[in-house]
Structure formats: structure tokens, C-alpha cells
Amino acid sequence: MNLISLDGVVKSYRRGEQTVAVLSGVSLDIGAGEFLALMGPSGSGKSTLLNLLAGIDRPDEGHIVVAGVDIVGLGERALADWRAAHIGFIFQFYNLMPVLSALENVELPLLLTSLSRAERRQRATLALQLVGLSDRLEHRPNELSGGQQQRVAVARALVVDPTLIVADEPTGDLDRDSAAEVMSLLCRLNEEMGKTIVMVTHDSRAAAHARAVMHLDKGELSRREELRA
Amino acid sequence: MQTAKLILRNALRHKLRTALTLLGLVVAILAFGLLSTVVDAWYAGAKAASTARLITRNAISLVFSLPPSYEQKIRQVEGVSQVSIANWFGGIYKEPKNFFPQFAVDAHNYFDLFPEFVIDPSARRDFQRDRKGAVVGRKLAETYGFKVGDGVTLKGTIFPGNWDFVVRAIYDGRDQSVDTSQFFFHWDYLNETMKRTAPRRANQVGIYVVELSNPGRAAEISREIDTQFANSLAETLTETEKAFQLSFVSMIEAIVVAIRLVSFLVIFIILAVMANTMAMTARERSAEYATLKALGFPPRFVVGLIVGESLAIAAVGGCLGIALTFPVAAAFGRATGSLFPVFTVSIETVALQAACTLGVGLVAAAWPGRYAARVNIVDGLRAIA
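Chains as they are written, first to last, in my numbering: chain A, 1459 to 1687; chain B, 33 to 417.
The hints are simulated quantities; they were obtained by calculation from the structure and are not laboratory data. It is possible that part of the hints are untrue.
Some, not all, of what chain A presents toward chain B, calculated at C-beta under 7 Å [said to hold, decoys possible]:
| hint | residue |
| --- | --- |
| 1 | N1509 |
| 2 | P1567 |
| 3 | L1570 |
Where is the CB? At the ideal position from N, CA and C, for every residue including glycine.
Full structure from sequences and hints, please.
Right, dumping it as C-alpha cells:
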């Protein structure tokens, strides 16, 4: 069953006087529980594609349906609410709030829910336990290593129990060991919790953890490789 | 975790920057309060003026005097309940720098017209009995150490010679707005001395103080008094005590306007500094605002973070500035001596300081807030790389 369907998605950007086409009529189906890696050279449009299906950018043309909702038709407010409820973000540079502790960073998306403070704390603590950081709850980001910060970001993505987790170069700023830790964590989320993950990466070692790899070139999907069943 | 906690932690993120901004705010709000108090001090006489009193003076100029015979005529005008007299003396106490206002007054009734001067009744009787007696204000007494029974010699400038007085009473103000830096003595002492030493300058009255039974008729009675003396050798100009006091302030109005402008300029400068601080803050945090928006927080949330931070910094700086205004104004008042007889920080000044603080906090956050609300998520996330 498809969780995400992209149909004829076109996206271009204006750079000064010029219009640069990034995606030209991309159509794609992603099933529930998939772990898909998007690969391709710089400028191929993979991050743009990820931004579109996460609802933080809008296509010029086409439809993007996620869990039965055509997000292209949603207004700004509705789209923000939809993101809060359905999308977990993992960024290359972690994007944690530097003034908040690990626990408070993970708790942040829950402020948009109707949970009580105690419930928020409980869920955030549980998420940090899942990523192996139960002993770092009160540490601020600058007191954590890169790998630990990315694990906090994973916990933040996980805590709202999202429909889809999008990860943009999650290992791009990490050393090999930390990258391996983060990737095995994503594998666990996918395999044990059934989370659907779409990841953009340049790193073939990271991509090897995915179930399937899809290649983009010059704004078009070229081929799909199935790595695992 | 609450939004307020995030706001406060953000405010303390760059401690040096926040501390310098706070320092600027404290100095600006303090300077504004002090300058406003200086302006208030100039208007203190007019503010304290009674609506039930008129001042009648020579129509040509205050320099010219009036004959004592006018008193009876003024008293007969309907609606006038009491009349008293006063002459500006302008003496020097030891050194010219020791300036304080000195008036020769009708010892029998002058203080009846000024109930805001609170005098012990027995001390007042002592003053009335002693032709060389003087009544001094509490502030003046404290400044020069005058006590009841002390002899005080003033060197006349308008009325030549050394003039000896004995302090018979010390008056207090009914409230803080009353000038207690004045020196009063018998008009009869002045007049009798002048009769002996310079007879042509005797029998002269500087001003008549007229008490009204109905303050609502002030304009009508003023006209009536002046009509009495129209086409005489000494025509009169009668005006309310407030107008009389304001005529002195109008002589230095340009300075007052300049001080007011400077006080608002100070606020404008700190507004620019604060706005720059908040703009830098907003630019530096583009990626954070983009992240918050990506997570689903609405633009108004990030605007709230900026406005909250700006208001928090402004509130701390403003409160410190307001709190410091009181001791600094008190020290300034002491340092300037009798230049500003009434130098107290008014409620209006504190309210203006608070309004400026609020205004600076809100205006400084306006552009950065707009910027943060409009940060595009994709562009903002890219800003971190």
C-alpha cells in the first residue's frame, strides 16, 4: 500500500533573471514502512524532492499525496499543522535549539499537542531512552558530540510518532562510527517500529542501510535499486 | 518547558551583547528621567500655583514697582478676599554663589494667603513681633544650617547695605511640590530702612498677591483690578499666579524645549541600538526559526519569541533605569542646591519612562519579528550550512 504518491511534480527556482528547473515531472510511489534512500549528484533535486514531500516547499505543478492527503492544496496554517502531526525531521546539522537541553529539544514538537507537561516529559524521556541517551537528558547540544546531537534529533523526529521521517544527509556531518550508529538507529526505527523513512544522502555506506535506493539525475528519477526485502 | 523559559534563555545567550544593550537602556531611561525632572523643576512653581490667587504687578515690567495705596483699592474689588504684598530683595548671603529667593512680605497676612507653607503658629507670632525676623524654608535651613534664633546677614544688591535678620520660624511644605528654599522677612523693615537711607525708593511694592473668594471669576476680577488703575502713573497687569510663574519659564523656553528634544533623542538612539541588537539576533537565528516552522510552529510563535526577548531586555533595563532615577535625582538636586528648589521625580516622569521602555521593546522587535515571520523554511534551513 502506498503511503506517498507524487504525480507529475515540477519544481523550478528563480536565480536572478534565470529560472532553473530542478524537478521535471517526477512521479513516485513510496509504500508504508519503506526505508528509501535518494541519491544523486549535487543539484540533481534530491533535497528539493525531500522538502516537497515533507511539506516545507511547494511544487509548481503536480500532486503530492501523503497518507491520503493532497498536501499541495493545504493552506500555510493547515500545512504547518499537518507537518507537526505527520512529519519527523532529521537534518544534516541537527538543528537543535542551543539554549535547550536534550530533553527540552525532544519535548519541543510536543508543545504543539494537547499533552500535559508531565506527559510531554514522559514521552521525550522515552524517546531519548530509545536512542540511548537516557543519561544525557539535561545536557545542552554544545555538551554533546555530533553523533549524540544527531541522536537527539532522531528522538525529536520520533517523539510525535510521525507518519513519515525525512532525513536530509543525516550522516553528512558525522565521523564514520557516529554515522554507523545513527544509521543503525534509523534501521531499528524502520524495522522494529515500522517507521517510513525517506533519506537523502551522498554516502553509499549510509544508503546501504536503506531497503531501496532511488537515483535522481537532472531532476528526473533514473532507476530504483532494491537492497533488502 | 515553557515558551517564557526559551525567551529568557535566548535573551541571555550573548551575555556581553545583552549586558551592553541593558547598560545602554539603563543610561537612556535614567537620562530621560533626569532631563524630564529638570524640565518639571522649572515648571514646579507654576504647577504648585493656586488657582485662587492672582498677582498684580506693574504693567510695564516687573522691575517697576507699584504704590502701597493700591492695596485698599484692590481689596475693595468684589470677589477679593485678601490682599498681601511682596518685594523681590535679591541679596547675597556671604558669597554671590549662595543664591536663594528672598522676599520682603507683609508679615501680618502673607502666610494666610499661602496655606501650603506650614509654620508653627507660635513661631509665626515670634516672626510677626520681631521687625528683623525672618521665615526660612526647611530646605534652605538645611542647606546653610539656619536654626531658629540664628542671625543672618544679607548684602543687598537692589537695596544697598548689609541687612541683618534673625531666623524666627522655619516653614515646611504641605507636600513635596512646595518650594522650601525661600527666605521671607518684613516689608516694613525694608520700607523703614529705605525711608532713612534712600527716601525716594521707599513706599514701593513689587507685587500684590490677591486671594479670590471664587477662583472661577479670576479673569473677570483681573480685568476689574487693571481697570481701576488704567491711565494712572503705574498701570497694572493682573494675571493668575500660574500665568505669572509661567512668564518666568517662558524666558528660558528655548532651553526647556532643547532639553525635551535631547531627552527624546536619547530614547531614539537607544531604540536604534536595541533594534540593531534584535535585528542581528533575528539574522543569526534564521535556521532556528526555519526549524521551528518546519516542526509546525506558526509564524506568530517565532514573532512571539522575538517580541518577548526584546520586551524582556527592555523591561529589565527600563526598571533598573527607573529605579536609579530616584537616588540620582536626589543627588542631582542636592548638587544643584537652590537652583532647583523642587527637584522630585514625578509620577508622570515614571509613567513616561515606562512608556518609553515599552515602546523601545516593541518597536525594536517590529522589523526583526517581521523578518522572522517571513523566513522561508527552505532558505532558513540552508542558512546553517
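Self-check item: Structure versus earlier hints - violations, ascending order
Solution: none
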